[in-house]
Amino acid sequence: MNISQILFWILTVLALGSALGVVLSKNPVYSVLCLIVTFFAISGHYILLNAQFLAIVNIIVYAGAIMVLFLFVIMLMNLNAEVEPQKSKILKFAGFIAGLCLFLVIVAALKNAEAKTQAAQLASGDIGLIKNLGTALFNDYVLPFEISSVLFLSAMVGAVVIGKKE
Amino acid sequence: MVLLSFDWFLIIEKAILISIVIVASLVIAMYETWGERKVAAFIQDRIGPDRAGFGGILQPLADGMKLFMKEEIIPNSSNKFLFVMGPGLAMLTAMMTSAVIPWGGHLEIMGRTVPLQIADINIGILYVFGVVSLGVYGVMIGGWASNNKFSLMAALRGASQMISYELAMGLSLIALLMLTGTLSLRTIVEQQSTGHWNIWYQPLGFIIFFVCALAECNRTPFDLPEAESELNFGYHQEYSSMKLGFYLFAEYVNMFISCVIMATLFFGGYDIPFVNDAHLYEIWGNWAALAQVVMLMAKVIFGIFVFMWIRWTVPRFRYDQLMNLGWKGLIPLALANMVITAVVALLKYNNWHF
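Line by line, the protein sequences are chains A and B. For the first sequence, position 105 (counting from the first letter as 1) is numbered 105 according to my numbering, and the numbering increases by one without interruption. For the second sequence, position 349 (counting from the first letter as 1) is numbered 349 according to my numbering, and the numbering increases by one without interruption.
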């Protein structure tokens with residue numbers, strides 16, 4: 001058992017545990033914090049796969065920006081377990097069945113997936129390093145890259161238009 | 001040794017380095033409080049602390065002792081777990097940045113080359129950004145968990161201020177990174193020690209970065225989360241004892257770290273000006289590395305002094321002025337700086353042909 005395997009298991013347990021915490025905790029603020037821990041564990045996995053850029057961007061964008069906005073909204077609305085309206089029994093039951101159906105579909109889909117692909121390239125692939133990623137993005141995929149940036153720009157303009165006072 | 005086949009020397013080396021860096025940043029943060037009071041006293045024509053030790057040199061120890069002895073109060077209606085976690089998070093995010101900073105060249109110990117840097121990762125500056133963007137959580141969680149509307153207001157102010165100024169900070173750095181062509185902080189310093197300091201290429205970028213660093217550290221003129229005349233005391237109103245101390249302390253650690261990053265990015269880091277560092281290594285050996293650390297610290301202490309100078313000179317902004325400066329002033333300026341730098345860099349790449 002070498003150090004990256006030990007790290008892999010620690011990160012996996014952390015990711016799964018905190019992901020469960022997101023769903024199971026009663027307090028929405030705890031859910032958000034658990035989700036942040038999950039993002040960190042997943043970033044750790046990216047680093048084990050030698051995808052440093054992806055790891056750090058995951059932290060900057062999701063943990064640093066999007067979750068802050070989530071936290072903003074939750075704190076301003078001040079949701080508490082006591083004030084939260086209780087869902088009816090039928091809804092809970094329906095949710096449970098829907099979840100089980102999803103689980104069944106996922107199991108069926110992933111049943112044969114394991115043996116066909118190789119195990120992940122641990123710290124051997126180098127496409128995730130920022131230099132190679134930049135070269136690939138701006139040589140092979142320059143048109144999709146630019147189109148997606150136009151998409152972001154239009155989203156930004158849309159946000160400004162919506163936020164502007166009449 | 002089959003189960004755990006690590007390079008034990010590396011682990012010991014890094015552990016020693018990490019403890020030195022953490023202890024050093026805490027001690028420097030301690031003496032920043034003393035320095036701030038002395039600078040304030042000098043600017044306001046007073047003497048400042050002079051009772052504890054020679055020239056008040058033991059004053060930080062006395063202050064720390066006082067904070068530890070105070071009664072710990074956890075409000076009844078607060079969320080206790082998050083209330084305790086807030087200051088811890090603030091301190092953690094303040095300290096984490098120091099991992100990628102090159103503090104000096106390298107030492108030769110028992111035939112091994114020991115670089116004076118905890119981790120030389122090739123995304124160094126992005127890592128700094130990741131940690132800076134997490135700095136919001138300490139303030140937000142502390143402010144919310146206090147269950148006090150003034151704390152919450154201050155925390156929301158602080159968070160929106162940090163997010164707004166992060167954008168301009170990132171844009172000003174993009175221009176710098178276009179010139180360096182690398183994200184590793186050590187490579188950036190090495191480029192500067194053979195060529196010129198980056199401040200000559202990016203003066204506007206430096207000014208934008210400096211203003212944003214002031215805002216990120218919640219220093220005057222941007223200390224709106226702690227504006228006591230508007231918000232009682234700020235996001236740490238309900239805190240007492242060392243938990244309050246941690247928040248105040250984290251601010252000083254942040255100030256130290258942001259000065260180190262500014263020195264590294266724009267002022268040549270550990271490079272000794274007018275001296276060929278590689279030549280110095282041949283003459284002095286390990287002492288040259290130490291001289292480089294001292295040089296970096298000299299630059300940092302000057303930066304900290306400028307931070308304090310600004311604090312005791314410039315009055316606080318109003319909140320809408322702060323947001324206008326961030327969104328309508330600094331971001332367009334940083335964008336213009338980025339475009340101009342990109343054009344010039346491209347022209348230089350094509351040997352000045354259009």
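Note that these hints are calculated values from the structure, not bench results. Just so you know, these numbers come straight off a predicted model, no measurement behind them. Please note that a few of the clues may not be correct.
To be verified - Taking lysine to any residue and the SDA-like style, the derived pairs with C-alpha atoms no more than 20 Å apart in a straight line are: (1) A/Lys131 with B/Glu190; (2) A/Lys131 with B/Ile121; (3) B/Lys80 with A/Cys34; (4) B/Lys66 with B/Leu248; (5) B/Lys38 with B/Met323; (6) A/Lys26 with B/Val314; (7) B/Lys14 with A/Ala15; (8) B/Lys14 with A/Asn2; (9) B/Lys149 with B/Phe83; (10) B/Lys38 with B/Ile74; (11) A/Lys164 with B/Tyr349; (12) A/Lys164 with B/Lys149; (13) A/Lys165 with B/Lys66; (14) B/Lys149 with B/Phe210; (15) B/Lys14 with B/Met178; (16) A/Lys131 with B/Met178.
**Message:** Flag every earlier hint the structure violates by its number, smallest first.
**Reply:** 5, 6, 7, 10, 11, 12, 13, 14, 15
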